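Enquirer: For the record, the sequence lines run as chains U and R. The working numbering puts the first residue of the first sequence at 2, with every later residue one more than the last. The working numbering puts the first residue of the second sequence at 2, with every later residue one more than the last.
If you are wondering where the hints come from, they were derived from the structure by calculation, not from laboratory data. Treat the numbers as computed from the prediction; the structure is a model and nothing was measured. Mixed in with the good hints, there may be bad ones.
Selected chain U positions facing chain R (in silico; Cβ < 10 Å) [stated by the list, open to error]: (1) 281; (2) 406; (3) 419.
The C-beta atom is built at its ideal place from N, Cα and C for all residues, glycine as well.
Protein chains: 2
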Amino acid sequence: ISEGEILDARPYALPPRSRENKVLPEDFKTPDKHVERDPRLIRLTGVHPFNVEAPLSDLFDEGFLTTKDLHYVRNHGPVPLVDDNEVLDWRFTIEGMVEKPVEMALRDLLEDYEQLTYPVTLVCAGNRRKEQNVVRKSKGFSWGPAGVSTALWTGVALGDLLARAVPKRGAKYVCFEGADKLPNGYYGTSIKLSWAMDPERGVLVAHKMNGEVLHPDHGKPLRIVIPGQIGGRSVKWLKRIIVTSRPSDNWYHIYDNRVLPTMVTPEASANLPDTWKDERYAIYDLNTNSAICYPAHDETVSLTNGPEMYKLRGYAYGGGGRRVGRLEVTLDQGKSWTLASITYPEDDYRLAAENEILYGGRLDISWRDSTFCWCFWDLDIPTTSLLEAKDVMVRAMDDSMNLQPKDMYWSVLGMMNNPWYRVVIHREGDTLRFEHPTQPGNIPGGWMERVKNEGGNLTNGFWGEKFAGEEEVAEPEP
Amino acid sequence: ISEGEILDARPYALPPRSRENKVLPEDFKTPDKHVERDPRLIRLTGVHPFNVEAPLSDLFDEGFLTTKDLHYVRNHGPVPLVDDNEVLDWRFTIEGMVEKPVEMALRDLLEDYEQLTYPVTLVCAGNRRKEQNVVRKSKGFSWGPAGVSTALWTGVALGDLLARAVPKRGAKYVCFEGADKLPNGYYGTSIKLSWAMDPERGVLVAHKMNGEVLHPDHGKPLRIVIPGQIGGRSVKWLKRIIVTSRPSDNWYHIYDNRVLPTMVTPEASANLPDTWKDERYAIYDLNTNSAICYPAHDETVSLTNGPEMYKLRGYAYGGGGRRVGRLEVTLDQGKSWTLASITYPEDDYRLAAENEILYGGRLDISWRDSTFCWCFWDLDIPTTSLLEAKDVMVRAMDDSMNLQPKDMYWSVLGMMNNPWYRVVIHREGDTLRFEHPTQPGNIPGGWMERVKNEGGNLTNGFWGEKFAGEEEVAEPEP
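Chain U extracted, bound-state conformation (with noise of 0.2 Å):
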């Protein structure tokens, strides 16, 4: 029996194969010049930082695991520099109130604690940014759908680490800063130490991504991994576990990842210390959100020769650990529905036998409730209905019933947007054209950009167009 054959035999699915990548000319002249990555990912940020997203079918066409290759990356500096060599010398502290605090390397980390091994879908909090963007100028840049990852993620349950150390009576929260020194001092957050005690919340001190040690852009060589929360949480380079009885005060815990009230404007939020500080604001838990992902921007079906059905295919997530339980999607805006398949390849981990270990660590995951991950969702269509229809549009609930809303909840961080994905259809002769909302960063073209060009006022109720409401009123004669 091969090696190949007991793989075919698991319930679950490895990785596809990543690519062996070079430092690209672009980064020759940047800090991250030590950096390998991948020429498909669409940089958001100019050349520095490092902020990418893939090309949103090529993200898809990946499956459920995301290669290093095309995973997102947020990077708000330079790239910390750590030779394969230095790995599992590499130290860092647990602090602050605990009755034993401890200064360890990576390598303790692997020899004193159980290792495990699960799949974790990372969003960014401004996931679909571009969409806020381009109805009024937020405070950060411009992410398509494509800010949303999943990889297999090996190391420690944080709570293992923690229950060692001991937190102190009245402990509340849990710090973690980053080896990222940047204009406000080192990348830093914070989360609740219940979450971080909690098995079912899963959180991670990670140190392996599908497989391999982390990619440079994804931590290399430990990194904080919350399922079920932004991405902002899941700090990279991790040096310091700092438990308190605040939460961070860290520049970047107070000034990022925050969804202000809507009516906070970016002129007036400069003197709004005291919203900013506000934990409220602060977000944790992702948001339910959806997007079709086929048909593609600028895809074209024909209706002369082409299928009689069409396939719509499109990813959905919830937060918290919470799962999608439905995906509708509406040919009619918003008048009536139809209910999606969803797939949860999540799911397939579960059957995995007991105790069983991939990577190093125990694949821990068939007694949890918890959603960790992306599932996906199709939808056969006769492709005269999509000539018929102006768009399609979805829309997911949780399985706490939080339903994505029709409009969207503009805040000056631009983040958690979460409306109904629309795609506009046109027909062009023999042919059906589609739309997305926007393309990211500073690639022109979507429906949201031409609809705002030509005058439609985007947050009307109704796209944009011109009329709105059930019934349409005839335009008077001129």
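We have chain U; now place chain R onto it with these hints.
Expert: Using the frame of chain U, we list chain R on its own:
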């Protein structure tokens, strides 16, 4: 120092004094002829079974804690008769997939386990269902917005009981069964075992409400209380706790307390057993919700000799232990929003002294991160602004950034209704009159019925008004 002064020193409120009620004449000829009730309660399903909510203003005026008199009640059938002298002998079981099944009396629960007390808001999944019924009749009766109440509950952590019974490997659910015999068997349902075992979720086996033996309508002598979840899971008159590998197969678990996909009609639902059994559609966590309590329905404000400012007031709640982080008010149908103030009386209980005992239970909330109770919002508005507005609407967002939607998600059981709460403002001479969406049960009134009767389509995205969208278009001359 008198007892009164000791009470005054508490940082938290105690419940309002409850009334001495009598058996009401309308109950004389029902199986509930032994149950004393408050005549203010509005009966939503005729005389029997007893399903009631308080008038919204009465409920709100009681404040954070609700007396047994005004606490909403959802009874599926006759109330079991339990005499006071039988309370301690009430027997119940812990059985199923446990190493040590047990049958015990309430007396044992009191003697052998730690007692806890804390405030919990219970909400019927049908709260605000009348609004759905006006749009399209659902398979459920017409709750107004007062299907929500808060009390101090005393009992034992369900996790403590289960830990002693020792769940077996493979156990995933905990079923509850009550003593209320119904057409389809005893009422029963289930939750996940992981929730039952999680102290943050605070699931109680409760025997006191506001310091008194449970009122018959609230489960005398023993019930489950599950914070953050719909009331339908908090089984009353508790007889059996059954640990299982599968969700409950009780008729009421399958065919009640679900949000089926919106396209499932009452007619179609009769032939969709697999849809009913799909656990993804079962409701557990509450969703984010809020209502305007003042101005009340049909309240009037004088424009000539009234106050210059009006204080809008209401309640809000989140689900699954999540906190409502913001409450926003609009006077221009969602074009702009103002932030209301929010108070969280629940937090006062976190300030209690360590190990403080209330009603025989440790006031067990200071360490907890979860939010189990409703909160109150208010906003001062110039009366002239109300004069200029067509309506006032509110929406809450929880701290997982789940936002109340603009539009209703209609479903066949009409549950979890949570669109923006809208109060219409009418100018009548020198007076403003306010109109809520509905009135509970068969009570007529509210803008929804009025608009529907006038031929408006309530689902046109603009509350049935004829024109919609930002730019209103002049109607063609006739």
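Enquirer: If a hint holds in the structure, say so; if it doesn't, say that too.
Expert: To see whether the hints hold, each was checked on the structure:
Restraint check, residue 281 of chain U versus chain R: the minimum CB separation of about 3 Å is within 10 Å; hint holds. Because the smallest distance between the Cβ of residue 406 of chain U and any Cβ of chain R comes to about 5 Å, under 10 Å, the interface hint for this residue holds. A hinted interface residue such as residue 419 of chain U counts as satisfied when its beta carbon comes closer than 10 Å to some beta carbon of chain R; here the least separation is about 9 Å, so the hint holds.
When held up to the earlier numbered hints, the structure conflicts with none and fits them all.
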